[in-house]
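4 protein chains.
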Amino acid sequence: MCALWSPVATPRRLVTPPQLPRPMHRTTAILLIICPDRRGLVAAVAQFLADHGANILHADQHIDDNAKLFFMRVEWDLEGFDLCEADFADAFAAIAEEHAMRWQLHLGRRLARVAIFCSRQDHCLADLLHRHRAGELACDIPLVISNHADNRALAAFHGIRYEQIEVLPRNKAEAEADQLALLSDAGIDLIVLARYMQVLSGQFIARYANRIINIHHSFLPAFVGARPYQHAFERGVKLIGATSHYVTTELDNGPIIEQDVERVSHRDQVDDLVQKGRDIERVVLARAVKYHLAHRILTYGNKTVVFD
Amino acid sequence: MCALWSPVATPRRLVTPPQLPRPMHRTTAILLIICPDRRGLVAAVAQFLADHGANILHADQHIDDNAKLFFMRVEWDLEGFDLCEADFADAFAAIAEEHAMRWQLHLGRRLARVAIFCSRQDHCLADLLHRHRAGELACDIPLVISNHADNRALAAFHGIRYEQIEVLPRNKAEAEADQLALLSDAGIDLIVLARYMQVLSGQFIARYANRIINIHHSFLPAFVGARPYQHAFERGVKLIGATSHYVTTELDNGPIIEQDVERVSHRDQVDDLVQKGRDIERVVLARAVKYHLAHRILTYGNKTVVFD
Amino acid sequence: MCALWSPVATPRRLVTPPQLPRPMHRTTAILLIICPDRRGLVAAVAQFLADHGANILHADQHIDDNAKLFFMRVEWDLEGFDLCEADFADAFAAIAEEHAMRWQLHLGRRLARVAIFCSRQDHCLADLLHRHRAGELACDIPLVISNHADNRALAAFHGIRYEQIEVLPRNKAEAEADQLALLSDAGIDLIVLARYMQVLSGQFIARYANRIINIHHSFLPAFVGARPYQHAFERGVKLIGATSHYVTTELDNGPIIEQDVERVSHRDQVDDLVQKGRDIERVVLARAVKYHLAHRILTYGNKTVVFD
Amino acid sequence: MCALWSPVATPRRLVTPPQLPRPMHRTTAILLIICPDRRGLVAAVAQFLADHGANILHADQHIDDNAKLFFMRVEWDLEGFDLCEADFADAFAAIAEEHAMRWQLHLGRRLARVAIFCSRQDHCLADLLHRHRAGELACDIPLVISNHADNRALAAFHGIRYEQIEVLPRNKAEAEADQLALLSDAGIDLIVLARYMQVLSGQFIARYANRIINIHHSFLPAFVGARPYQHAFERGVKLIGATSHYVTTELDNGPIIEQDVERVSHRDQVDDLVQKGRDIERVVLARAVKYHLAHRILTYGNKTVVFD
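First to last, the sequence lines map onto chains S, D, L and G.
Under the numbering used here, the first residue of the first sequence carries the number 74, and numbering increases by one thereafter.
Under the numbering used here, the first residue of the second sequence carries the number 74, and numbering increases by one thereafter.
Under the numbering used here, the first residue of the third sequence carries the number 74, and numbering increases by one thereafter.
Under the numbering used here, the first residue of the fourth sequence carries the number 74, and numbering increases by one thereafter.
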């Protein structure tokens with residue numbers, strides 16, 4: 074079912090030690106697997122790792138009974154493991170082929186490199202930068218890109234490069250080319266749209282498939298599109314929400330990573346919803362980024378498996 | 074600013090005899106008002122009530138700044154109040170007309186009479202009947218109507234009349250006529266659709282406008298219509314919800330009274346969503362019924378003001 | 074570091090197929106393991122199971138870095154598994170001894186047998202019986218024991234034997250002897266205290282160590298002991314809670330299985346807290362029972378690992 | 074019962090011009106009242122205000138049936154109100170004395186002046202400063218006081234004066250004298266302890282009674298005192314919380330303003346609790362500050378009434 078990950082290009086560079094969420098002293102490797110469900114998968118992987126000296130720290134599996142798919146995330150201590158990154162694919166090939174596995178290996182010490190896109194609102198940007206400084210996010214953040222100048226001082230306070238690229242209907246292709254050049258130069262692994270108010274093109278998205286996380290300010294699939302708080306107010310809902318998801322070409326319809334809600338009442342006008350919503354957006358976006366950085370997310374079809 | 078508390082010493086008057094706290098011995102009246110917002114509304118109502126010997130226990134107001142509407146719920150102790158129900162309208166007419174008020178008076182001792190409609194699933198029905206027996210619901214429940222026979226024993230256990238009225242495409246008008254006759258004979262004030270799986274006609278709804286409460290098993294407006302848990306599963310949401318609302322002719326689009334959600338994960342299959350959802354449905358429906366019975370809900374446009 | 078499970082007595086009879094939470098067509102076995110953390114534990118277990126034809130469906134692990142303990146729950150499809158229950162211990166002995174494992178096997182088709190203890194309040198009892206009838210609880214409930222007569226009709230409605238055993242200061246030992254005889258005759262595996270208002274003796278608890286689940290009507294460790302809602306009201310908390318836990322000889326201090334809370338305000342008097350609290354108690358107790366029945370709980374020290 | 078809505082037709086008056094909803098242009102006054110409960114209080118206050126040209130926008134009351142106390146918060150539009158602040162007390166004296174009222178008036182345009190105290194952790198400080206800049210907090214923040222130098226740059230980024238006053242056992246009285254001088258010079262109305270890790274003396278607290286808000290990193294009254302996350306971990310709770318409260322001389326036992334919780338599991342080590350806890354602390358402290366600034370909090374005994 075469903076061609077999930079492209080067979081090579083992306084994964085080989087994804088080498089991020091999940092030092093978070095806890096102050097892990099151990100250096101670990103993480104292997105993510107999706108394949109058709111069948112007998113013996115857990116044992117096959119566990120035995121392969123044991124044969125190479127791996128001490129498994131965590132192994133999560135999930136079986137989607139409808140899709141007949143098997144999902145696995147296994148993390149092991151690199152101390153004593155006898156395969157380097159370059160040799161892993163060859164060594165694992167027999168098992169991977171036998172079980173028609175698609176897999177990703179995250180091994181080594183290089184931190185993921187994250188670019189944050191924002192527009193004028195700064196609450197998600199400020200939150201992510203603060204968390205990063207507090208050691209909550211196991212990544213480097215070398216770049217903030219915005220279509221406005223407003224948040225330059227905030228980025229500067231955190232010592233992060235800020236590039237303003239204006240996006241207008243007439244220059245959109247050019248603007249994206251500039252953005253892509255910046256991302257490529259900075260060796261970016263993950264793009265976080267922190268209330269970035271521009272729609273990305275299909276070509277742009279394809280370049281970073283499953284590597285662009287957006288925060289939408291509603292409880293999707295309710296209130297897709299623009300001005301969700303206004304629509305929530307008009308509908309008279311008693312809870313408002315936020316949704317973090319991977320960006321796909323279908324607007325606000327990518328795989329959902331995390332959602333949360335907050336109670337509101339008739340006393341809350343649209344501006345109150347906006348204000349209360351900010352608190353949810355911050356947390357829901359930050360959780361998604363953490364899950365991604367810890368390689369806890371597997372996507373298939375239009376859904377996610379999030380091993381927490 | 075900040076004139077601090079006026080000087081009278083506090084503690085000496087903090088008498089705290091641990092008496093029966095709630096089961097209100099007082100008999101109270103409740104007046105609900107909607108009118109255009111203007112100066113002096115609170116004072117006008119408060120003065121009118123004081124002039125007639127009312128001791129106001131609670132007075133809630135709300136102003137919708139967009140709609141320029143004023144909402145009020147005022148509850149007072151009937152002891153010492155010098156107007157009977159029959160005379161209230163005449164006495165209040167001058168104020169009501171001056172301010173173009175629409176108002177409801179709930180006065181006296183008669184309990185609301187509630188009919189519950191159900192189909193085969195019994196979790197909301199069982200919950201409501203249990204709460205009623207536990208004294209949580211200030212109403213009589215003289216009648217359960219169902220299009221199936223399944224819940225007859227449950228109603229019998231609670232000593233409540235159970236009428237099965239089969240509803241088929243060909244006999245729908247006739248079935249509704251039978252239902253309406255039963256409701257009328259039983260003097261029903263409120264109809265609660267406790268997972269009743271039939272759509273009511275516009276004529277039926279008009280007869281009980283703002284007096285039919287439904288529980289929908291999704292976080293509306295997401296997943297309107299049939300099989301919401303299936304759709305929630307397919308969309309891969311991370312929270313599921315339930316919504317209680319007044320029934321209008323537009324399916325699943327009536328004024329929302331209450332909503333709540335529960336966290337789910339990739340581990341939850343459709344059946345798990347159904348099971349977790351039951352717990353939310355029960356609570357969200359019961360809260361709506363309680364609000365209605367306490368005359369805490371004002372509806373306007375397609376929204377509610379719920380004074381809690 | 075804590076003798077956890079007694080080495081034999083209990084586990085060998087615990088043979089409960091976790092048909093919940095989802096309509097599992099497969100018959101599965103579950104192995105629970107606690108042992109000192111060291112290399113190769115996952116692989117050792119996975120390989121042992123694969124050697125005997127097991128298809129692992131789920132394998133959860135947890136490592137407590139402070140206690141240096143390893144926890145595992147592994148569930149496999151019995152189809153094709155070549156060991157019967159009687160032979161498992163011998164076959165697994167080498168691994169278990171090598172790694173100093175304490176383990177439980179739950180294999181086969183017999184449903185757990187649950188007794189519910191209650192006093193006068195019926196909300197938790199009614200909830201459990203309703204869930205059982207709805208197929209949410211994978212167990213038999215052959216017995217309800219109460220120190221009052223109040224809930225006899227409710228048990229009868231569900232076709233369950235109801236034994237009233239009055240408990241007074243002077244006859245407590247005798248009453249417990251009667252209770253234990255009933256439990257033994259009924260082959261009870263798990264006791265659920267559904268707002269049972271008597272304190273069990275140390276001897277009684279020892280007989281059913283880690284097999285008695287209680288619901289306490291506060292967010293423990295706040296408001297230990299009697300009248301927690303009264304104390305919550307006096308302290309002016311803004312949330313109230315409920316806690317399900319295994320019963321130990323230290324009152325309200327056993328390993329916590331599950332907790333939840335509900336928002337309250339100054340408007341809520343003690344009776345309102347009691348009423349709102351019931352909704353939390355029901356859900357928190359039911360979740361704990363489900364986790365236990367699905368063999369998802371491992372206890373150590375005074376804590377639980379709950380694999381959800 | 075059930076005089077339905079009086080006949081005036083609704084929809085024609087539902088004018089909904091989508092104007093700026095909140096940023097209240099109106100200048101309002103707020104009166105807070107506590108007094109023994111008796112007949113006619115609402116009417117007396119409403120009539121007094123009407124007599125002086127006030128248009129009441131909101132009036133909330135609460136009656137504590139145990140304490141026989143009446144609480145009221147009334148807010149009105151100053152336009153047309155014929156009393157200035159200086160004259161109010163005289164004009165209101167007759168009513169206040171008759172009913173033994175303690176009252177506060179908040180009238181006029183001066184913003185409250187807030188000082189934030191912090192130690193080394195910056196998450197609450199950064200959050201409050203960000204909210205202030207975003208317009209969420211209706212106050213001036215002229216001063217940050219800390220016993221450490223760490224957050225000087227953060228305060229500077231927001232253009233706020235930062236005073237470091239080291240607090241040691243031997244210089245505590247002197248340090249507090251310095252703090253009080255700074256507070257007095259800056260005309261501070263409210264002190265917010267944003268994870269300030271020093272205990273204030275009784276004399277200090279008395280100077281700002283009910284005007285010092287603290288955030289405690291547990292769900293009080295559980296885990297009073299130091300290292301609550303460590304204790305929560307050891308107890309094995311399944312939810313962690315935070316509590317904002319007014320500071321009194323009894324440590325962690327002042328009137329609770331707001332609380333919230335977050336779910337945790339066995340997977341969360343102490344550091345994870347700390348990290349998850351930060352998100353709750355931020356929100357729970359900010360809500361308390363907002364309630365205080367909007368004059369929504371009445372304290373009595375050791376409890377609060379929070380009119381939201």
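Keep in mind that a hint or two might mislead.
Copies of the same chain look alike in the list, so a pair counts if it works inside one copy or between any two.
[To be verified] The calculated DSS-like cross-link candidates involving lysine-lysine, where the alpha carbons are at most 25 Å apart (straight line), are:
no., residue 1, residue 2
1, K376, K349
2, K363, K349
3, K141, K376
4, K363, K245
5, K349, K245
6, K245, K141
7, K376, K245
8, K349, K141
The hints are simulated quantities; they were obtained by calculation from the structure and are not laboratory data.
Taking the hints in turn, this is what the structure says about them:
In this assembly of identical chains, the alpha carbons of K376 and K349 lie at most 25 Å apart only when taken from different copies (20 Å versus 27 Å within one copy). Taking CA atoms no more than 25 Å apart as the test, K363 paired with K349 passes in both settings, with 22 Å inside one copy and 12 Å between copies. In this assembly of identical chains, K141 and K376 lie within 25 Å of each other by CA distance solely inside one copy; the values are 15 Å within and 36 Å between copies. Proximity of K363 and K245 under a CA criterion of 25 Å is satisfied in neither setting, with 30 Å inside one chain copy and 41 Å between copies.
Taking the shortest Cα distances, K349 and K245 never come within 25 Å of each other, neither inside one copy (32 Å) nor across copies (39 Å). For a Cα distance limit of 25 Å, the shortest separation of K245 from K141 qualifies neither inside one copy, at 42 Å, nor across copies, at 42 Å. Taking identical chains as interchangeable, the C-alpha atoms of K376 and K245 are never at most 25 Å apart, the minima being 29 Å within one chain and 40 Å between chains. With identical chains, the CA atoms of K349 and K141 are at most 25 Å apart between copies only, with a shortest distance of 23 Å across copies and 41 Å within one.
Violation of the numbered hints given earlier is confined to hints 4, 5, 6 and 7; the remaining hints are satisfied by the structure.
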